[in-house]
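Okay, here's what each chain looks like letter by letter:
Protein chains: 2
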Amino acid sequence: MRNLDEFTITDEALRRIAATPDTRVKEIMTSLIRHLHDFARDVRLTEPEWLAGILFLTRTGHLCSDVRQEFILLSDTLGLSQLVVAQSHSRPENVSEQTVFGPFHVEGAPKRPSHGSDLAQGVPGEPLYVTAQVVADGHPVAGAEVDTWHADADGFYDVQDEHWSVDKAWLRAAFRTDDDGRFSFKSILPKSYPIPTDGTVGEMLAATNRSPMRPAHIHFKVEKDGFDPLITHVFAEGDEFLDSDAVFGVRGSCIGNYVRHDSGPTPFGDVLEQPFYTLDYRFTLQPVG
Amino acid sequence: MRNLDEFTITDEALRRIAATPDTRVKEIMTSLIRHLHDFARDVRLTEPEWLAGILFLTRTGHLCSDVRQEFILLSDTLGLSQLVVAQSHSRPENVSEQTVFGPFHVEGAPKRPSHGSDLAQGVPGEPLYVTAQVVADGHPVAGAEVDTWHADADGFYDVQDEHWSVDKAWLRAAFRTDDDGRFSFKSILPKSYPIPTDGTVGEMLAATNRSPMRPAHIHFKVEKDGFDPLITHVFAEGDEFLDSDAVFGVRGSCIGNYVRHDSGPTPFGDVLEQPFYTLDYRFTLQPVG
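Quick note, the sequences are listed as chains A and B, same order.
Residue numbering for the first sequence is 1 to 289, as defined by full-length UniProt numbering.
Residue numbering for the second sequence is 1 to 289, as defined by full-length UniProt numbering.
Treat the hints with care, as some may be off.
To be verified - With a straight-line Cα cutoff of 16 Å, these simulated EDC-like cross-link-like pairs (lysine to aspartate or glutamate) come out:
no. : chain 1 : residue 1 : chain 2 : residue 2
1   : B       : Lys-26    : A       : Glu-49
2   : B       : Lys-26    : A       : Glu-203
3   : B       : Lys-221   : B       : Glu-107
4   : A       : Lys-26    : B       : Glu-49
5   : B       : Lys-26    : A       : Asp-42
6   : A       : Lys-26    : B       : Asp-42
Derived by calculation from the structure, the hints in this document are not laboratory data.
On a predicted model such as this, the values are computed, not experimentally measured, just so you know.
From just these sequences and the hints, can you work out the full model?
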């Protein structure tokens, strides 16, 4: 087929992939080519705009390294990541909802006892005591593996520090729930923060007049055989960015009540003369097969 | 807006870019977000498939350098480049058609006289004599700037050679048409060749069972004030890949007659005792403004 114009080229491109052996690959490539061509026709993309797009993708790729994933951030900020998460985990009522994984999880976080650890390790911030239970069908889930990680008061994760190594991780830990499905830890209150804006995602946000802010949150990953793995955040009720999260991650069942106390007894049994926060939260898993 | 699901997230993403100051940026981003989301929903993209896509784009970006542009090659092989070219240059009948620019043009090619140069400079191949005229509205276009470049008999362009530099370029030159709109040169016969398959585009072609072959061709860029710049190829009548060009670039008006001669007088006035080829071609420009 020759003499292709901007309309006939789509059928020809689909004819070229007709012999794709993997039916799923064929299904995905067919939809991708159709939407890519429709997009370019719909907006009558010009040659300079096409080149700007090529160079944007190239710069995005060059920003990706072992410690930075600008394509994931681009997917997050275009709403693609949360869309894929949502359609991959339709949850019944009363089961904790999934949200975006984000780029800051690491494998092999330090294992801590089920109760009593301080994850702050001296990082400055307002004290926070988290008490949590993992349940399913109204019963405690003992022995669940829990990963947690969150940003400091300035919005930075430990892995963004050039001196970081996994053995001295901070604001990050792995737990196992006790016989009553519970775990608890002390840390510092997370704050809202901007996603990195010094790359191509920052260019895109600026060009579209968008905020880079994410509401304050703590990440949790909860896994136990027999249950759908749960990857979620616990956001803070009242945060000003709950309705404008730059990565579209906020879901109603993922908002916790971070309670401020002027002073007094903490969930750990000690008594503080300074203000502190508590968060008591319940994660509900979905049994599978 | 919170509690976004895989359907409501699209309207929310569009609401976020509502204040985009540049109306063209807003138009493009609106269509991009709609098609990106529709694609992911249409195929019910899974989390592992999403991650495979992220890593494919990342590897594609890492392959891009000063001498390689894998994103352009990806756009070419998905039919996007030719689609954008086609809708950017709708030509009246009898005007030479545009096709893809490709990644191998360089600025500043060596200037040669209008007639008589040998571009092969010793590169082995079958001798080819090209005689051409540039016209518009039936009249010769004198003083047009012509760039030409093509691959060697093994399918490689000079810029793919690690010892290349622009001052010693081969199979590449810049001309100016004479008073009768003509130029001519000697070179070697171009051959069909595969596009580079050692990167992510090669992965895509293999996964979709596609050929990487391009039909033999010579690139031409013809420019003169008062005329729409022409970027095109001259393909060879009878080439077995004319209907399956990996980058969808073949157009009927871009096929030339490369004539084989067993021996005899050449267009340059000398006489060869060995086989050689001739190509006589006419480029028709479109006046603008």
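Here is how each hint holds up against the structure:
Between B/Lys-26 and A/Glu-49, the direct Cα distance comes to roughly 13 Å. Compliance with the 16 Å bound is thereby established for this hinted pair. For the given pair, B/Lys-26 sits about 14 Å from A/Glu-203 by alpha-carbon distance, which is consistent with the 16 Å threshold. Of the pairs offered as hints, the one joining B/Lys-221 and B/Glu-107 holds, with about 11 Å between alpha carbons and a cut-off of 16 Å not exceeded. For the hint linking A/Lys-26 to B/Glu-49, the alpha-carbon distance of about 13 Å falls within 16 Å, and the restraint holds.
For the given pair, B/Lys-26 sits about 13 Å from A/Asp-42 by alpha-carbon distance, which is consistent with the 16 Å threshold. This hinted pair checks out: A/Lys-26 and B/Asp-42 have alpha carbons roughly 13 Å apart, not beyond 16 Å.
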